[in-house]
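All chains should be built: construct the whole structure from the sequences, respecting the hints.
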Amino acid sequence: MINKLNNNKLLFFLFSFILLIGFLVRVWNISSNPAGFFADEASFEYNAYKILKTGKDEFGVSFPVYFKAFGEYKNPVYIYSAVPVVMIFGLSELSIRMTSLIYGLAAIIILYFLAKELFNQEIGLISAFFLAISPWHIHFSRFGFEVITTPFWVSLSILLLIKSIKNFKFYPYAIISLILSFLTYNPPKIYLLPLYISFLIIFFDKTKFWFKSLKFWIFNFLGVIILLILIWPYLINGGFFERWNQVKMTSMTFQNILTAYLNHFSPVFLFKSGEIDFPGSFITRTSIRGIGELYWFQLPLIIISLFSLIKNGRFKKSMFFIISFLIIYPISSMFTIVTPSATRSIIGVIPFQIISAAGFYYIFSYFKKGANFKKYIFALLSLIVVISSLCKFIYKLSEYPNYSADYWGWQYGPKEIITYFKTQSDKYDELYMTGSFNAPEIFLKFYDSNNLCSNCYIGGPDRLNTQKKQLFAVRSEELKEVKWPYKIKKTIDYPNKNKAYYLIDNEIF
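Residue numbers for the sequence shown follow UniProt numbering, beginning at 1 and rising by one.
Some hints here could point you the wrong way.
[Claimed, not checked] Straight-line distance between alpha carbons at most 27 Å, and here's what the computed DSS-like set of lysine-lysine pairs gives:
1. Lys316 - Lys212
2. Lys415 - Lys68
3. Lys189 - Lys317
4. Lys215 - Lys166
5. Lys392 - Lys272
6. Lys116 - Lys375
[Claimed, not checked] The following label-pair restraints were derived from C-beta to C-beta distances:
7. Ser92 - Lys272: 33 to 41 Å
8. Pro84 - Ser454: 24 to 32 Å
9. Arg314 - Ile218: 29 to 37 Å
10. Ser92 - Leu11: 30 to 38 Å
11. Phe320 - Gln246: 31 to 39 Å
12. Trp408 - Leu452: 30 to 38 Å
13. Pro172 - Trp296: 19 to 27 Å
14. Lys487 - Trp232: 51 to 59 Å
15. Ser398 - Gly239: 34 to 42 Å
16. Thr253 - Ile387: 44 to 52 Å
Keep in mind the hints are simulated off the structure, nothing from the lab.
Predicted model only: the values in this text are computed from it and were never measured.
For every residue, glycine included, the Cβ atom is placed at its ideal position computed from N, Cα and C.
This is how it looks when you write it as structure tokens:
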């Protein structure tokens, strides 16, 4: 009992330590890094705020399943999840990013239990640790995009399916979790069914009895009916396919699709540069420069895991399932215009961490059989490699605002512009913020939710009216196009100190 108690204490300490590391690297400078607040973040947050205050979205629809925004429909899980966070922190940039942070930490917890069920407690702990320090997962845990909900809900669904093998009472909860996974983000709509089928096939010796159970078919039927009821209006009006129509590949040849699929296993994408510096990529929101989606030290672990643990009879089925998971993960983004995509393929962060953890466990088990000094040397070297890799990532993370605040990044500036506008609105007839943002109207709603600046608009210097006193916020590039005399009232700099915006007025007239 004493040994068991000590083991429980050690487990609690290690797990708490993993969560602490995961929390610290995700919360550090979360308000200012990423620098800026993208339109999607503002939209998710504002709709959560409207649901909290009125029970309606920004367009007055009561408790919608999908939220209309920017010519498409946003998935509901992230927005409704943000409601209690907004209730605590209010309408602020921090609220939506805290929602992502919470999902990031929750995924670490769920991954521990998932890997533990598939393999053992040790692999569960290592998997959780690798996810806690994962560049891929940390990055998406630090800003308000719905993508971060996917690893949590899909992992929970798989965990509940595995638990259903031993106790079928978990199966209806697995169905509920699968429905919620479907409603988190668009990619799960593509890969959930193949993943579910692969689970049934690989564990068929244990799941074959389900097919003889009436409850199994009833739960599946009810799940499909509930899902159809939820999405049917959006299937009819075409809203369900809006995002797909925006991002689908323009030329779906076999070669293009195969190349897009294989790009997700490219060492350049996975270990060297991530999406941000992959050939042809230019958007800086999706990953951090100078580091891959995975660490280099995970490469040998993955190779060893694939070659070694698959031979282990105890873990063979679990390993086959994780490999099938790995094979399936890119299919949600291989038909889209941006490949490889760190966002649409984020679910890959789960099998990669588990396979890496299994490889580490195998190596450590090998050294454990030998002399103690070999075991300690391996542990020490592993610690040095992991710490140095994490330190490099944190350094790269600290540099992120210097190159990701412009238009192709986080579009820094609306907060600073509108905050200044609100202090000057009584001095001008009209105040115009440049429209060179993604969906700029959402920023007026977000940063001026009480409409204190009723004479603030979206527009450029072409709105000049010499009969009115006007203030314009323009990009430095746009200032060169201004042909009329102006007076600079204020400048706003990017985090790297380059000039971002000039606030000019027409007082000279």
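Cross-check of the supplied hints:
no. : hint                        : verdict
1   : Lys316 - Lys212             : holds (26 Å)
2   : Lys415 - Lys68              : holds (23 Å)
3   : Lys189 - Lys317             : holds (25 Å)
4   : Lys215 - Lys166             : holds (15 Å)
5   : Lys392 - Lys272             : holds (13 Å)
6   : Lys116 - Lys375             : holds (23 Å)
7   : Ser92 - Lys272: 33 to 41 Å  : holds (36 Å)
8   : Pro84 - Ser454: 24 to 32 Å  : holds (31 Å)
9   : Arg314 - Ile218: 29 to 37 Å : holds (34 Å)
10  : Ser92 - Leu11: 30 to 38 Å   : holds (37 Å)
11  : Phe320 - Gln246: 31 to 39 Å : holds (36 Å)
12  : Trp408 - Leu452: 30 to 38 Å : holds (31 Å)
13  : Pro172 - Trp296: 19 to 27 Å : violated (43 Å)
14  : Lys487 - Trp232: 51 to 59 Å : holds (56 Å)
15  : Ser398 - Gly239: 34 to 42 Å : holds (40 Å)
16  : Thr253 - Ile387: 44 to 52 Å : holds (45 Å)
Taken one by one, the earlier hints fail for this structure only at number 13.
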